[in-house]
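Chemist: Sequences listed follow chains F and Y, in order.
Numbering-wise, the first sequence is residues 0 to 437 according to numbering that gives the first Met the number 0.
Numbering-wise, the second sequence is residues 0 to 143 according to numbering that gives the first Met the number 0.
These are computed hints drawn from the structure, not numbers from a lab.
Beta carbons: idealized from backbone N, C-alpha and C, even for Gly.
Any given hint could turn out to be false.
Stated by the list, open to error - Chain Y stretches covered by chain F per the calculated footprint, using a threshold of three residues with CB under 8 Å from any CB of chain F:
no. : region
1   : 17-24
2   : 28-34
As the list claims (entries may be wrong) - Here are the simulated SDA-like cross-link-like pairs (lysine to any residue), alpha carbons at most 25 Å apart as the crow flies:
no. : chain 1 : residue 1 : chain 2 : residue 2
3   : Y       : K36       : F       : R73
4   : Y       : K36       : F       : T120
5   : Y       : K36       : Y       : R94
6   : Y       : K36       : F       : R180
7   : Y       : K36       : F       : L118
8   : Y       : K36       : F       : P434
9   : Y       : K36       : F       : T392
10  : Y       : K36       : F       : L75
11  : Y       : K36       : F       : G345
12  : Y       : K36       : F       : M344
13  : F       : K161      : F       : L422
14  : Y       : K36       : F       : L422
15  : Y       : K36       : F       : G348
16  : Y       : K36       : F       : V331
17  : Y       : K36       : F       : H158
18  : Y       : K36       : Y       : L24
19  : Y       : K36       : F       : A133
20  : Y       : K36       : F       : K161
21  : Y       : K36       : F       : L79
22  : Y       : K36       : F       : T430
23  : Y       : K36       : F       : L429
24  : Y       : K36       : F       : A83
25  : Y       : K36       : F       : L436
26  : Y       : K36       : F       : A341
27  : Y       : K36       : F       : Q397
28  : Y       : K36       : F       : R342
29  : Y       : K36       : F       : F350
30  : F       : K161      : F       : R180
31  : F       : K161      : F       : A133
32  : Y       : K36       : F       : R347
33  : Y       : K36       : F       : V80
34  : Y       : K36       : F       : T70
35  : Y       : K36       : F       : D334
36  : Y       : K36       : F       : V76
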Amino acid sequence: MSELAWPTVPSDAFAVAWRRAAGVGGLALTVVSGALMAVGSASRGAGVVSGRRTLTGALASPLQHLAWPLTHTRFLVLLLVMAAGYALAALGAPALRVRSVVVAVVALHALFALAPPLLSTDVFSYVDYARLGAVHGLNPYVHVPADAPRDPSFALAGHIWKHTPSTYGPLFTLLGYPLARVGVAASLWGEKALAAGAGLLCVLAVAGCARAVGRDALPAALLVGLNPVFLVYGVGGAHNELLMLAILMAAVLLVLQERDAGGAAVLVAAAAVKVVALIALPLLLAARRTRWRAVAAGTVVATAVCATVELAAFGTGGAHLVTVLAHQQSMVSYDAFPTRVARLMGLRGVFPVDRLMLHIVVGVVLLGLLWATWRGLDWVTASGWALLALTVTATWTQPWYLLWPLPLAAARGDRRLIAAVLLVQGLFLLTQLGPLLA
Amino acid sequence: MSAPRTRRRVLRLGRDLMLVAIAGLLIAASVHDLGRKVTAIHRRQLDLQTFRRWAAPRVAAGAFSRVRLVARAPSADVVCATRARRPGRICAAVRRDRHGARVVAWALVGPGRRAVRQLRLARARCPRSCALAVTQPDGRGVAP
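Given these sequences and hints, build the entire structure.
Modeler: This is how it looks when you write it as structure tokens:
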């Protein structure tokens, strides 16, 4: 027996040492490349900042005095290194110390919160919509930023959104009102702080969910908290995806703790930030059908509260959100997966008939997931697959949409789903590498 | 093996095969897209180099800045440079073929985009010889 046991000792020791080395090395690579990226983006003329020509004074990043010249090519190299570090850290996660992971996650969230808005002008649209209501007395669901063209945030907002009413949930819009009254800079840094805080809360909620289902919390938290897309696009770009995901994961945690009514209510609150969270509700209902009364009660009460707040704040104008979202779904983005597939097949792009077919495909997938959840599939995993199907088939896709299924996949630890989410994120990053290969 | 278990296995295999097929399609589409992007960058670099080489003897060194591509078409691209000390821009249509790239038509562009539009129309309508004929070697601008 001892003869058989002897050879396993060094091989186990080797495996543990390899894992630890991979974990520590990966963690160090992620932190260093992420920090260089966040600090470098504060330099003048950095190739990754939105509205960089006008970010002066209070709008400029506090990191600008430490900044080094970050070109677009250097940014891509750092993004590749960060992705490699993330992969190594995820592989070696079980061997890492909790404290080092917590420090890395918090430090990177803080650095990307202090960096200027990265790779998107959406945060300026958030500020503009909030100022429409808070400063100019206009309903952001009826009016468009172009109705207040002299507002200082107007010039910074993304061109295509200047003539579109808000596409965001009423809870998120109202959250922006207090700081919008103070000024554009206060509003911008408030949005950045909100994104970073929500990112950290999301990581905490994912760790809580993993623990609730009897899994190790550290790898799950690391998978979300050090994810390059989560940090660079989510926190760096201050996208409201992180707030929606933090609330959604809080809902999942409540349901896992058998507090179904509270979970359903919080899930509705997540949808009041970004409507896409609503996709999890029928799956939750199917999974907890024996306790459907609690789920339905939570849903009805939260919907009534949200509808009352929305009516009080925005009147019947809030109903325009549905029309605006439908219009957004009819748009086509250059990097969307359907567009790529169309080009692979020699087509010029995605046409309305293709979009109709994609909607049918998503409908069939959702029905299939609903059926599978009814038959016993875990609703959190099913929600992750549903959100992934939505991101892959939508003709209007942005990199930060690829974050939607990540916390659900990490919380439940479904290997297939984690692999699929990371593959989709990896393919997105791959197509950004053109300037490096040319 | 019981029938329900076999059916479950077949269903699971079918689902996995479908996931692998979708993943393969997405990988192929993304790699193809990356190839397109790299080709587009090469074409742009070639256009800008050709333009700079062409513009160098016509415009005093350093007299223009911010060379940029303003339009792209299957037959030719329009490249423009802002002139530093004089108003307006100098624009040229660059055509690529298997022998390389060359300027086939050009114009001095004042305020507004009329001349660029005319340039685009000209290269869209003219066959190769016609487009070459509108280039004047004496340095005076022509909007064909």
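Chemist: Look at each hint and say if it fits the structure.
Modeler: A quick look at each hint next to the structure:
Counting residues of the region 17-24 of chain Y whose C-beta sits closer than 8 Å to any C-beta of chain F gives 4, which meets the bar of three, so the coverage hint holds. Counting residues of the region 28-34 of chain Y whose beta carbon lies closer than 8 Å to any beta carbon of chain F gives 6, which reaches the threshold of three, so the coverage claim holds. Simply put, K36 (chain Y) and R73 (chain F) have alpha-carbon atoms about 18 Å apart, close enough for the 25 Å limit, and the pair holds. Between the alpha carbons of K36 (chain Y) and T120 (chain F) the distance comes to roughly 23 Å, so the proposed pair stays at or under 25 Å and holds.
With a C-alpha separation of about 19 Å, the suggested pairing of K36 (chain Y) with R94 (chain Y) holds against the 25 Å cut-off. Simply put, K36 (chain Y) and R180 (chain F) have alpha-carbon atoms about 43 Å apart, too far for the 25 Å limit, and the pair is violated. Restraint check for K36 (chain Y) and L118 (chain F): the C-alpha separation of about 18 Å stays at or below 25 Å, so the hint holds. Only pairs whose Cα atoms come within 25 Å are accepted, and K36 (chain Y) paired with P434 (chain F) is accepted, the gap being roughly 8 Å.
Of the supplied pair hints, the one linking K36 (chain Y) and T392 (chain F) holds, its CA atoms being roughly 22 Å apart against a limit of 25 Å. A C-alpha spacing of about 15 Å is found between K36 (chain Y) and L75 (chain F), which places the hinted pair at or below 25 Å, so the restraint holds. Restraint check for K36 (chain Y) and G345 (chain F): satisfied, since their Cα atoms lie roughly 15 Å apart, inside the 25 Å limit. Between K36 (chain Y) and M344 (chain F) the CA atoms are separated by roughly 16 Å; this keeps the pair inside 25 Å, and the hint holds.
Between K161 (chain F) and L422 (chain F) the alpha-carbon distance is near 34 Å, which puts this suggested pair outside the 25 Å criterion. Straight-line distance between C-alpha atoms of K36 (chain Y) and L422 (chain F) comes to about 20 Å, which keeps the hinted pair within the 25 Å bound. At most 25 Å may separate the alpha-carbon atoms for a hinted pair to count; K36 (chain Y) and G348 (chain F) meet this at roughly 15 Å. Restraint check for K36 (chain Y) and V331 (chain F): the C-alpha separation of about 18 Å stays at or below 25 Å, so the hint holds.
Distance restraint check for K36 (chain Y) and H158 (chain F): the Cα-Cα separation of roughly 23 Å lies within the 25 Å cut-off, and the hinted pair is therefore satisfied. Taken as a hint, the K36 (chain Y) and L24 (chain Y) pair is honoured in the structure, with Cα atoms around 18 Å apart against an allowance of 25 Å. Simply put, K36 (chain Y) and A133 (chain F) have alpha-carbon atoms about 43 Å apart, too far for the 25 Å limit, and the pair is violated. Taking the CA atoms of K36 (chain Y) and K161 (chain F), the gap is near 28 Å; set against the 25 Å cutoff, the hint is violated.
A hinted pair counts as satisfied when its Cα atoms are at most 25 Å apart, and K36 (chain Y) with L79 (chain F) qualifies at roughly 18 Å. With a CA separation close to 8 Å, the supplied pair K36 (chain Y) and T430 (chain F) stays within the 25 Å bound. For the proposed pair K36 (chain Y) and L429 (chain F), the alpha carbon gap of about 11 Å is at most 25 Å, so the pair holds. Annotation: proposed proximity of K36 (chain Y) to A83 (chain F) holds, straight-line Cα distance about 23 Å (limit 25 Å).
Restraint check for K36 (chain Y) and L436 (chain F): the C-alpha separation of about 10 Å stays at or below 25 Å, so the hint holds. The suggested pairing of K36 (chain Y) with A341 (chain F) holds, with an alpha-carbon distance near 15 Å, which does not exceed 25 Å. Of the pairs offered as hints, the one joining K36 (chain Y) and Q397 (chain F) holds, with about 18 Å between alpha carbons and a cut-off of 25 Å not exceeded. Our distance criterion of 25 Å between C-alpha atoms is met by K36 (chain Y) and R342 (chain F), whose separation comes to about 12 Å.
With a C-alpha separation of about 22 Å, the suggested pair K36 (chain Y) and F350 (chain F) falls inside the 25 Å cut-off, and the hint holds. Our distance criterion of 25 Å between C-alpha atoms is met by K161 (chain F) and R180 (chain F), whose separation comes to about 20 Å. At roughly 17 Å between alpha-carbon atoms, K161 (chain F) and A133 (chain F) fall within 25 Å of each other, so this suggested pair holds. With a C-alpha separation of about 15 Å, the suggested pair K36 (chain Y) and R347 (chain F) falls inside the 25 Å cut-off, and the hint holds.
With a CA separation close to 21 Å, the supplied pair K36 (chain Y) and V80 (chain F) stays within the 25 Å bound. Straight-line distance between C-alpha atoms of K36 (chain Y) and T70 (chain F) comes to about 18 Å, which keeps the hinted pair within the 25 Å bound. Between the alpha carbons of K36 (chain Y) and D334 (chain F) the distance comes to roughly 11 Å, so the proposed pair stays at or under 25 Å and holds. For the suggested pair K36 (chain Y) and V76 (chain F), the alpha carbons sit about 17 Å apart, so the restraint of at most 25 Å is met.
Against the hints set out earlier in the document, violations occur for numbers 6, 13, 19, 20.
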